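**Q** Each chain, letter by letter, is given below.
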Amino acid sequence: MEPEELKDLLEQHHKSSFGWAMACCRRNPVDAEDLLQVVYLKVLEGKARFEGNATFKTWLFAVIRKTAADQRRKNLARGVLTLKAAQQWTRSDATEYPDESAYRAELLTKFRHALARLSRRQREILELVFYHELNIQEAAEVMGISLGSARTHYERGKKRLRQLIEESEAYESEWERRKHPATVP
Amino acid sequence: MNRNGKEESIRQLFHELRCEDQRHAPQFGDLLTAARNRNEGSNIPTWSIKFAAAAVLCVLVLITIRLSTPVRPQEQQLVPDSARGPLASSDKTTDVVRNLSQPPKTQRHPSIRRQSRPRQFSSSLAIAMKALSSWQSPTAALLDTPQDRMLNTLPRLGESLRTIKPLSPDQFN
Numbered sequence: 001m002e003p004e005e006l007k008d009l010l011e012q013h014h015k016s017s018f019g020w021a022m023a024c025c026r027r028n029p030v031d032a033e034d035l036l037q038v039v040y041l042k043v044l045e046g047k048a049r050f051e052g053n054a055t056f057k058t059w060l061f062a063v064i065r066k067t068a069a070d071q072r073r074k075n076l077a078r079g080v081l082t083l084k085a086a087q088q089w090t091r092s093d094a095t096e097y098p099d100e101s102a103y104r105a106e107l108l109t110k111f112r113h114a115l116a117r118l119s120r121r122q123r124e125i126l127e128l129v130f131y132h133e134l135n136i137q138e139a140a141e142v143m144g145i146s147l148g149s150a151r152t153h154y155e156r157g158k159k160r161l162r163q164l165i166e167e168s169e170a171y172e173s174e175w176e177r178r179k180h181p182a183t184v185p
Numbered sequence: 001m002n003r004n005g006k007e008e009s010i011r012q013l014f015h016e017l018r019c020e021d022q023r024h025a026p027q028f029g030d031l032l033t034a035a036r037n038r039n040e041g042s043n044i045p046t047w048s049i050k051f052a053a054a055a056v057l058c059v060l061v062l063i064t065i066r067l068s069t070p071v072r073p074q075e076q077q078l079v080p081d082s083a084r085g086p087l088a089s090s091d092k093t094t095d096v097v098r099n100l101s102q103p104p105k106t107q108r109h110p111s112i113r114r115q116s117r118p119r120q121f122s123s124s125l126a127i128a129m130k131a132l133s134s135w136q137s138p139t140a141a142l143l144d145t146p147q148d149r150m151l152n153t154l155p156r157l158g159e160s161l162r163t164i165k166p167l168s169p170d171q172f173n
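Here the protein sequences come in this chain order: R and C.
For the first sequence, this note's numbering assigns the number 1 to the initial residue and increments by one for each residue that follows.
For the second sequence, this note's numbering assigns the number 1 to the initial residue and increments by one for each residue that follows.
A hint or two may mislead.
Claimed, not checked - Here chain C is said to cover these stretches of chain R; the calculated rule only asks that three of the stretch's residues, wherever they fall, bring their Cβ under 8 angstroms from a Cβ of chain C:
#1 6 to 18
#2 27 to 38
#3 106 to 118
#4 157 to 167
Calculated from the structure, these hints are not laboratory results.
Small disclaimer: the values here were computed from a predicted structure and weren't measured.
Every residue, glycine too, gets a C-beta built ideally from N, C-alpha and C.
Same shape as in the complex, but just chain R:
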């Protein structure tokens, strides 16, 4: 495939690629940008080649996922960088998106926290299915696992996420009841 054609395809999938990179970097926008830079270079320099065995989106997502795993391994090897990344993450989590309404921001923050409590595979498959609207077969291709395994992670992940959201809601109502005992029936 020609470099210009590859560049067009990358541009076409850029926004969804960024979303998937965010998912692979535990929703840290700085790390997600770094990851995408590395991935784009890989693709344009021919280090990762699209053979046409899957759709371009599926292949690109698999490259992003694999590169993220490599970056994680590198960061684990360098403990200082991991610490730096954690600090960046905390900072960005606290200050990002100031224009959102308070309710929406709170809702999404809770949802992000619930997602973060899932296992990596459960989180990834739920993101691929619900966020990127891939089917389970495509999600399994991106993750490099079998269809059966993907189904298991999907079902367990969904169940666990529902449970975490319910726990969060229950905790909130309990908190409200204790805070205002007269108003809550």
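Dock chain C against the given chain R, drawing on the hints supplied.
**A** Relative to chain R, chain C alone:
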């Protein structure tokens, strides 16, 4: 809320998340330019860092080898006396003792060249022997008399006892 309702709410939350991410996604062109700049900028430092690390490693290995190799006494012997300064003549006895305490060079097997313990022992032995051979009592000077020279030397023909110069106290030492 039933199961389908929950699933729909999850889908809705993911949709919200996607909208939010897409709003804050960087421009494709900017990201690509940054990636290319980063790649160009990082080529030379990576190469030079590796080269510098290899050079430092080589120097460390050389220093370690140099420090772990003991100095051989034979190497010291090969230096000519004239190059060793005014004390060279007094070290001759030491060299003789050292030669005696070590086996001849031709008898040594190449595999035992790096044994440092016997060599250290022989050099310390040589120092001890030198100290013993040159030892003098601190009170030996008290036994010297002005007539010692007269008694210990033979007068030459035609020389009178009167012509023998009296010894000054400095000459006792």
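**Q** Now tell me, hint by hint, if it's right for this structure.
**A** Structure-based check of each hint:
no.: 1; hint: 6 to 18; verdict: holds (count 6)
no.: 2; hint: 27 to 38; verdict: holds (count 5)
no.: 3; hint: 106 to 118; verdict: holds (count 4)
no.: 4; hint: 157 to 167; verdict: holds (count 4)
In summary, this structure violates none of the numbered hints.
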